[in-house]
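> Listed below, chain by chain, are the residues.
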Amino acid sequence: MYSAKVMDHFTNPRNVGEIPDADGVGTEGNPTCGDVMQIFIKVKDGIIIDAKFKTFGCGAAIAVSSMVTEMIKGKTLEEALAISKEAVANELGGLPAQKMHCSNLGADALKKAIEDYKSKNK
Amino acid sequence: MYSAKVMDHFTNPRNVGEIPDADGVGTEGNPTCGDVMQIFIKVKDGIIIDAKFKTFGCGAAIAVSSMVTEMIKGKTLEEALAISKEAVANELGGLPAQKMHCSNLGADALKKAIEDYKSKNK
Amino acid sequence: MRKCYFDHVATNPLDTRVFDAMMPFFKEEFGNPLSIYEPGARAKEAIENARAQVASLVNSKASEIIFTSSGAEANNFALRGIALSRQNEGKHIIVSRMEHHSILNSARFLEKMGFAVTYLPVDKHGFVDPETVKKSITKETTLISVIHASSEVGTIEPLKEIAAVAKEKGIILHTDAVATTGNIPVNVKELGVDLLSMAAHQFYGPKGAGALYVREGLRIVPLIYGGIQENGRRAGTENVPAIAGMGKAAELARDEMKARTEHVKKLRDKLFKGVSNVENVYLTGHPDNRLPAHASFCVEFIEGEAMLLLLAAKGIYAASGSACSSKALKASPVLLSMGISASLAQGSIVFTLGKDNTDEDIEYMLTEFPQVIKRLREISPYAKGWGIKGEGGECTVQR
Amino acid sequence: MRKCYFDHVATNPLDTRVFDAMMPFFKEEFGNPLSIYEPGARAKEAIENARAQVASLVNSKASEIIFTSSGAEANNFALRGIALSRQNEGKHIIVSRMEHHSILNSARFLEKMGFAVTYLPVDKHGFVDPETVKKSITKETTLISVIHASSEVGTIEPLKEIAAVAKEKGIILHTDAVATTGNIPVNVKELGVDLLSMAAHQFYGPKGAGALYVREGLRIVPLIYGGIQENGRRAGTENVPAIAGMGKAAELARDEMKARTEHVKKLRDKLFKGVSNVENVYLTGHPDNRLPAHASFCVEFIEGEAMLLLLAAKGIYAASGSACSSKALKASPVLLSMGISASLAQGSIVFTLGKDNTDEDIEYMLTEFPQVIKRLREISPYAKGWGIKGEGGECTVQR
Ligand SMILES: Cc1ncc(COP(=O)(O)O)c(C=O)c1O
Ligand SMILES: Cc1ncc(COP(=O)(O)O)c(C=O)c1O
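Residue numbers (our numbering), protein chains in the order written: chain A, 575 to 696; chain B, 575 to 696; chain C, 892 to 1290; chain D, 892 to 1290.
Excised from the complex, chain A in its bound form (with noise of 0.2 angstroms):
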């Protein structure tokens, strides 16, 4: 069902964890229905220098969670944002068709915690 990838990072997570002087944190996700995915990140001169997760939700959940993590440390916070669901997706090796849309939260938390920290930071 999931490439070697997604299984990778699902079973070997990568950041997880709260950062608990984070700079920016999003939540993205309900409960009740699915995934919901928490994303902390540090940044410093407009560069996100770390990043952890908290994830409730199922294998391509966590695996997009570790992913997003991955790709943004050491990225400016434009390029984060710039980092689409079908970005993360394609750097697992893909996602099946009906987890892109409600698993694949990762980008969506990620732009609420740059947020976070813009409002914070203005």
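Be careful, since some hints might not be right.
DSS-like cross-link-like pairs, simulated, lysine-lysine; straight-line CA separation at most 27 angstroms [stated by the list, open to error]:
1. K579(B) with K616(B)
2. K1246(D) with K935(C)
3. K894(C) with K579(B)
4. K1003(C) with K1003(D)
5. K935(C) with K1205(D)
6. K1246(C) with K918(D)
7. K918(C) with K918(D)
8. K647(B) with K935(C)
9. K918(C) with K1003(D)
10. K1060(D) with K686(A)
11. K1030(D) with K1060(D)
12. K918(C) with K1156(D)
13. K1156(C) with K1015(C)
14. K616(A) with K1275(D)
15. K685(A) with K1149(D)
Simulated from the structure, these hints should not be mistaken for laboratory data.
Guided by the hints, dock chains B, C and D with the ligands onto chain A, whose structure is given.
Relative to the frame of chain A, chains B, C and D with the ligands by itself:
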């Protein structure tokens, strides 16, 4: 499907043929929808001394004809008239339900042969 | 005693290679294809592999193949599924008089549900006339179903021409290709059909697996509701080994079709020639435009079941459309619709050959069959004077 | 790595003895049961033999058993076949919210055809209340369908009491006994049902064979029309090997039921005990009045598919009713109807044991499962502070 006795009478039918100078001939059935039996009898002193048949029809019809002609030889006309469809079927070790009514015409053809004889000898 | 199986239209023997392809899915790989763990995933893979194989046999996309449990299920599904899905556009369907019971009785069910059904007449060879199809179409017509080839008389219908008529009028066309798929080329694109039924056991595959081709984009109401198997179009835990077997059988049929056809046609023509020596035996169906393995006759003055039994006693297995040999005790409606009289139809006998039949089988049959006819004619009140002719008689339907 | 198959509710492994009983009908005895010659007759005999074996398992007459291709087909057949055959008497049917999709979606189809359907609520254990059934009955009601036991939560319904209500009102009662037949005693007379669905692959029989018990004298409209197979009630060339296998599986289930039940119940209770040590894991369904091989839970703070995948990586195969693990992406309606919240239902996990599971399987599972939970809770935003408790927690649904 058929009992061993039916198969025996079907594959080795007794009394096949016509009696050119028959005392009575009876035909029952309809070739457009099923079986037709023709029974020929020779009568002496009220006793059936010979019987033959010709049949167009399935295995059951042929076996029934063979059996009926066997059963009536040596019998009085009254005894022969008393032979029922069930009696023929029993003598054959039973017939499949759907064959009981449509292929078991031997007793009817026999009755017609006896009537034919009687009408000629009034 | 020699055994000659000449009833391939009833069902085929299972090809050993097909059985081998089924084997793993009985025991080790027993998982449910819906399950997300490995054994389930392998069962799923087997099904998708089979789907591609079946699609390749009929030149469709894999996603256009829905597996069923039999040809009859595929036919019920097609007829009722399309009639229902399009009932807002009209409640008239057209079927031919050559159809299998599973189409005819589905049509009758639809009649009870308020649909109008036209039963297309056929000519003496069993052909449906595309012109008649055209004339039968009304504003209410949503579906036409015409069999690809009759299993009873072998006649192959002019489907392309019928498809042209259907297309012109924007009407869905289904064909029951149970007797043809795997036996002669079946190409959904070339035929121009929207739906097509098939059954694995008709091409050396297992019993318990059939399929319906449904052209992409066509909406069909399920026959069996439930889970999301077959994309929600046919529920029920999949019969994985049977489906895997159907796939393998489809692959073999595609690869070996030409050789198989040549083989059975040669034997069948030998059979035709031999039987033409018997007087008052009439070929049913068209002499040339017919299934290559199919030889069907009406034998005058005698009845089919009696022939079958005497042949079987000699190890020769065949079929008949006589009233007495059907458990419903009705003469084959197909034979009657071709204008064959009920009494001649009583003498129906059908030999359908297969890849494993041999020249010797045919020779054996050609010595036994005339004797069976002779024996039964000796018993028949109608056959005075008839028997085996010395020279060739005419071997066509003469009514 | 140890492989623990704990998903018997999805499908069972095929018993070797069952496979052996099927074998002859793949190759040598491939004849069509309708044929009148010997090979066909032996196939027919195999089917009738299997019919008697299945009848004996559920205490019916052989003539009351109709073979189908699956449990889903039997359910569709029952619901629609009875609703249609009795539609002149009324167009209202009653089903419970515990039903399988094949019942629920058939009911929805009937709604589209103009029937009214009542969906019976259930309590927190999943029980249908016979009083509620009684109150739901109207003058129009013709059919009630209540599952014998839920495959999702294991709860066994009070069918006898429901049958008493149905009988009093002269209403036909169907039960989906797919999860029970062959696993616990199923006696159509004692249960008092008029129709009962079953599937061979749920008691170590093959996929591709199911059956519907239809009480003698009850008229039912066919689902699959065609020839005269199954007395004209279910058309299609019979899947002879699968049917023969279902018969053998029924015979074995009857003979070995007691021993199998004792075995799985012992293992299941050990599993219950072990899992009760994990905090915030709730048993679903009734703790006692449930299928003996059935252990189902909701694990708080984490999601079912993720558990399934991590368990599968350890060779442990289970099922879940979570939205993410269903391809329809909906949480199990059964769990929701029992009052379990959608977010708790996301943590659904179901272990169903079988005769070949061992003590060691359970011990292995009891070491791996808590670790899987722990790992996922570490990732979960909701599980702060939760993990494995040292002592026994309460193991029942607490909502
Ligand atoms: C309770 C219940 N009913 C019906 C079915 C459908 O049976 P099948 O998968 O054989 O079609 C299942 C499936 O396992 C089931 O568990
Ligand atoms: C032309 C045709 N259609 C449909 C069927 C029904 O197929 P099945 O017996 O697989 O249900 C048959 C049976 O052999 C057939 O010959």
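> Find the hints from earlier in the document that the structure breaks and name them by number, from lowest to highest.
8, 9, 10, 15
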